[in-house]
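*Asks:* Residue strings, one per chain:
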Amino acid sequence: MTYRQPILDTSPKVSDEIRKTTCYMCACRCGINVHMKNGRVAYIEGNRDHPINKGVLCAKGSSGIMQVTAPSRLRHPMKRVGPRGSGEFQEISWDEALELAVSWLKPLRETNPEKMAFFTGRDQSQSLTGFWAQAYGTQNYAAHGGFCSVNMAAGGIYTIGGAFWEFGTPDWDRTKLFVLFGVAEDHDSNPIKMGIGKLKTRGGRVIGVNPIRSGYNAVADDWYGVTPGADGLLILALVHELFKAGKIDLEYLARFTNAPCLVKADAGPENGLLLRDADDKLLVIDKRSGKPVPFDTPGVRPDLGATHQGCRTVFQVMAEKYLDEKYAPEAVAERVGISAERIKGFAAELAHVAFDEAIELDQPWTDFRGDKHDKMIGRPVSFHAMRGISAHSNGFQTARALHMLQVLLGAVECPGGWRMKPPYPKPVEGHPKPHCGVTPGKPLNGPHLGYPLGPEHLALKEDGSPARIDKAFSWENPLSAHGMMHMVISNAHAGDPYKIDTLFLYMANMAWNSSMNTRAVIEMLTDKGEDGEYVIPRIIYSDAYSSEMVAYADLILPDTTYLERHDCISLLDRPIGEADAAADAIRWPVVEPDRNVRGFQSVLIDLGARLGLPGFVNEDGGAKYKDYADYIVSHERRPGVGPLMGFRGNGEGVGRGAPNPDQIKRYIENGAFFLAHMPEDGSYFKPWNKSYQDWAVKIGLFDAPSPYLFSLYSEPMRRFQLAAEGHGDRQPPDHLRDRLKQAMEPLPCWYTPFGDEDAEDYPIHALTQRPMAMYHSWGSQNAWLRQIHGQNPLYLPTGIWEKHGFAEGDWARVSSPHGEIVVPVAHMAGLNPNTVWTWNAIGKRKGAWALEENAPEATKGFLLNHLIHELLPAKGDGLRWSNSDPVTGQAAWFDLRVKIEKAPARHHTEPNLPPIKSPVPEAPKHRRQGEKA
Amino acid sequence: MHPAPSVIVFTVLSGLGFGFLAYLGAGLVVPPAGWAAFLVWGLGYGFAVVGLLASVFHLGNPKNAIRAFSQWRTSWLSREGIFSVLTLLILAPVALFEIFGGFPLATLGWPGALLALVTVFCTSMIYAQLKTVPRWNQWLTPVMFMTFALTGGAILSGFNVLSILLCVVLTAVLVAIFNVGDKRLADSGSTMETATGLGKIGKVRLYEGPHTGTNYLMDEMIYVVGRRHAQKLRVIAVAFAAILPALVMLIAPEGSLFGIALALIFHLTGAAAARWLFFAEAEHVVGLYYGAR
Amino acid sequence: MTELPQKTDRKLGLVIDLDICVGCHACVTACKGWNTENYGAPLADMNAYGEDPSGTFLNRIHSYEVQPSGGGCAQTVHFPKSCLHCEDAPCVTVCPTGASYKRAEDGIVLVNEDACMGCGLCAWACPYGAREMDRAAGVMKKCTLCVDRIYNENLPEVDRVPACVRTCPAGARHFGDFADPDSNVSRMVAERGGMDLMPEQGTKPVNKYLPPRPKDRPAAAPLTPIADVKATGVAGFLDRLLEKL
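As they're listed, the protein sequences go chains A, B and C.
When the letters of the first sequence are read in order and numbered with the UniProt record's numbering, they come out as residues 1 to 933.
When the letters of the second sequence are read in order and numbered with the UniProt record's numbering, they come out as residues 1 to 293.
When the letters of the third sequence are read in order and numbered with the UniProt record's numbering, they come out as residues 1 to 245.
Among the clues, some could well be false.
Claimed, not checked - Stretch-level coverage of chain C by chain B, calculated; a stretch enters the list once three of its residues show a Cβ under 8 Å from a Cβ in chain B:
#: 1; stretch: 11-17
#: 2; stretch: 47-55
#: 3; stretch: 62-71
#: 4; stretch: 167-173
Claimed, not checked - Covered by chain A, per the in silico footprint, the following chain C stretches (three or more residues, Cβ under 8 Å):
#: 5; stretch: 30-38
#: 6; stretch: 75-87
#: 7; stretch: 176-188
#: 8; stretch: 205-218
#: 9; stretch: 224-233
No lab work stands behind these hints, which were simulated from the structure alone.
Since the structure is predicted, the reported quantities are computational estimates derived from the model, not experimental observations.
Even glycine gets a Cβ: it sits at the ideal position worked out from N, Cα and C.
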């Protein structure tokens, strides 16, 4: 009998049409091909032409179809009818919703705009939301960076004029050693996975420095299971070793950093600032003449070892500081949790790859001084870090230390090193300064957020008290460049610095996983004053989904999902990009919403027009923009420069050009993104590269070339230290002086995280990580992803596991100085011996996200947030210190210390909050995506 | 393996039915013509057919069950289906002759009896062939199925002495299969290290499963039964399937319907327990991937 | 037809690089997305929003820890697993209805759902857990190696690879013909010591796994100081250091 098999159609029709847009299952923003069948979304894959993901797509992106069809999608505008937290809502029309919002917002604007606080969460349209808030006139606006990774952003901007996040990238094609500090599985996620794969396939090596050996650390060739909060100390020990062995790129330091600048030694108000000429230009000593000259003098050979009128160079100060034996590997090993031998080996490997395996590109280039270089020297060591090292109270200095390490190796912006993506590099001086000048009925006097260069840029009231509700840019955290969303609700509730009237939130789950101290925040949201009114009287909330926060708002403006909307991923905001190309992208409605919902940005523009905000109305008072799509195309931030750079003017304009009504159409035809390549001789050494600088001006990234030196030594920080020492008009309160002196150290330093102080009774560090297959809280509504991560155990290292005699299926009581939780535990051997951890934001409140009340997310899942307070435990000094970085206000999530004991197994994790009534109908029981009708 | 009731009913009853049919076909039992023969043959056919029907409840898509007769070249399940139908067809004239004619049709009866035993053997081979379930993948599995069929058949036939002898054999087989079975997974050589290929590095343990909920594989193939619970059930299985029926057959007069019924009830209870254990204790190697072994 | 073909013209399959897989589950949902819309019945998700969600997936990622026998810290290994398209596929031969078969032209093991009665025996016969019964359709589902992609003339040629391979961000999955010794997959297997899973089961899997490269090497020798700072002082040390410039 011959072998028979069925006849198969191996070329079935794939789909009716492919619509290309941009993913929004996380912040990575990959290009996607959305396959349509009969007008519905049938399949989502990566767009091969897209600069970010080049065709690949992660677990979240490929599950987008389950997000677009999730039963948790909000359906109508809603007005709260029951008490806050009850989930009792009444559906209303958009007109009624918008008029209600206007009736709250308009009188506030005319009398006291600061009573309106507008904060956005996982939003990617901050250029619009900030513009709107500025036009409204409140100083109380920010996005969520303050509780996310502002340390990483600010640490980078203040040091090298660029940051990790998705704003830079290892030179994956050339790097030989990639060093990853801390958990970083979220931003730039697909490019990092692609890069690691590419690097390892080429035979390159990956080093992981992380208390937990999972994710990228699982594929690391060498793993350093550092103790949380000690990364900075480890880095300084590496710096110590490199200094001692002279394994430092001296040429690079002399040319491109402020290492040769001169530190003023005279006592007085300028002590410790850098020597400048009459034109305020930094001075260096030219080796050829021995004379001080401006740093940008053509042909200058800055002398790292010079002294001038008693001033030493930054380099000398650094050498003295970091050669100190307190940074010797032997001295730090115990605190860092890694043996001195391994720390030394680590330093040796960095030096070996950077200097012995250096690479050269035959690519001549000209620097900003006009000096010509006939080739590009590369140090093929690259670094990346994100929230892992930044979410500590010493995270800013740790981030700076890591950048210093990169710079000492000469490994920033060189072939094989770490490179920035346009619009970066951009010196700290090139960023806006914070503004808080409020005039009722008028716009704010400038953008809210920025990078202070000294105390004069703080957002303070006349009496020196914080001007902003979140106390950003105050003496408590002067460089809080992203605001401090995590403080807004508790400050507003406490009336400290003042009370507000309306809290306007977008896509921020403050009643659950986005708040520290979740239960207390819920109480603050529902707390009433003596007058029987809520202490925070009005809350407007926009979200696409039935998140926990919905029940705590008074007015719900339902947003669309990402495939039903216009968006722009703009160079004015947080663009996508490549190290050798500027890029931006759009989203467009590949399907129309089947519910009564509107894209939040369009709603905001509508509200702007209804409120008559400047910039949102024409001279005749009519709406200036029809919707967000119209704004994206027509808005000009500066003449000829708008949200999108591609296809401007007649369609040929790149970066600059008049608005082009066909712009969105052209983007759609181009795959929903635009890419502008920089000249080949401009794609490395960008902060100092003439060719790059000229190109950046041409495409409108800035209006004049802005070369700068890397700030190993930070003058802005020294200015705050001077204030703490008593110099200057603006003076900090006395109780903050010592802290400022320590935290604003102008050279990267390390100090014990605040959470470690007085924590002897809580010997264990507790961390969270974000699973690669989930993003924030919203993965749980995704029928595919929640099967992968439907509950989260607390992972315990072998020592703790055995000491307490834990077995599979056991539970533990976990307590911190602030609270306790009771949760399931599991064993993990690849874990720092003093660290426990769990996945972030898997735990859900019963009744939220259209899940059944007995869903494992609600019964077995949990948050560590309950253990973390936004304030530190009382120290007996009568003051309450915030649990955040004293430089930037970054929430110190990872400072958490706990103790653990065995607890009887149970049906519910503790705390077990009562269910909230779901504002959306019950979900269907079973699903069969693609069911043939 | 998940001890699905449908599969337990299927294997226990069809084994009993075909076992009894073997005695009937071989003419070892010749009931008086008429109602008596009808009832006796009906009992054999009834057990066999109810058992086979129960197996249909195990199917996800029974409309294609007819195709199960097609793959006799490679599939023991297909063979089992074919032989069971063949047995029932060949024995039908034998039964009719006995019911209406009152005499056995040995020409068809002997082949029918043989086919009945082959059917039970095929059933057993569905399990015994599976390398993936080392506990089943041994010669004791067909021996156990055959012994059950013959013992049940002997009890139904009212052969006291034979029943007692077979009960002794069954006791030995069960004790043997329990004990040998316990070592089979270890002897199979399959471990988490071979399953993952990571044994060259060292000892492997599951740190995080592929999903936090359950799935078909875990529900179907990863069934964990407590050791003490299993020990208790093993005693019950042997006691009810073999020892108690033997005692009944020892005491009851030859041919006592009450004795047969009582012994049968004991035996079936024990058989069900043994079969439950047969599944519940069987470790599928896929469990290694889930760290469940 | 559940007899295995005498030989297959090609041996298509996957190479999975355990040195690179970061365990992101991208291949899991890309597979689900493609296959629920294509070959055969859609892939059900039972209790999709409830207490015990349980769906059909054709590819899953396990995560293991390996404690090196020579000491040192435990290593985490992410481990994707789908049908290995075995040469001696026991899932095929046990099938009573002829629904399971191995294609003669390329060795892909498939289930003809029109003939499957959902008895589950093939899943029992598979040591790897590569087959899952769809609880809504009642038929057996498994990796098809995207047989409806790899030859699909409606797809651009570059996309004629399984969905999991196309989507894998780390590039840990490779598709090719193992019958051709010069193919990408054959070369990788030769160079990196590609291995079979559970070889003792005698299934002769076509898919191969590349083992993780050795990890946690002994620390490199420490750097040599250019001078003893205690002896020279910082200034003296800097003189020595900056001489190099």
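*Asks:* A separate judgement is required for each hint: does it hold in the structure or not?
*Replies:* Taking the hints in turn, this is what the structure says about them:
By the rule of at least three residues with a Cβ nearer than 8 Å to a Cβ of chain B, the coverage given for the stretch 11-17 of chain C is violated, with 0 such residues. With a cut-off of 8 Å between beta carbons, the stretch 47-55 of chain C has 4 residues touching chain B; three or more are needed, and the interface restraint holds. By the rule of at least three residues with a Cβ nearer than 8 Å to a Cβ of chain B, the coverage given for the stretch 62-71 of chain C holds, with 9 such residues. For the stretch 167-173 of chain C, the stated coverage by chain B is not satisfied: 0 residues place a CB nearer than 8 Å to a CB of that chain, which falls below the threshold of 3.
Taking a C-beta to C-beta cut-off of 8 Å, the stretch 30-38 of chain C contributes 7 residues in contact with chain A, enough for the three needed, and the coverage statement holds. By the rule of at least three residues with a Cβ nearer than 8 Å to a Cβ of chain A, the coverage given for the stretch 75-87 of chain C holds, with 4 such residues. With 0 residues carrying a beta carbon less than 8 Å from a beta carbon of chain A, the stretch 176-188 of chain C misses the three-residue requirement, and the given coverage is violated. Under a criterion of three residues with beta carbons nearer than 8 Å to beta carbons of chain A, the stated coverage of the stretch 205-218 of chain C is upheld, 6 such residues being counted.
Remark: the stretch 224-233 of chain C is confirmed as covered by chain A, as 4 of its residues place a Cβ nearer than 8 Å to a Cβ of that chain, reaching the required three.
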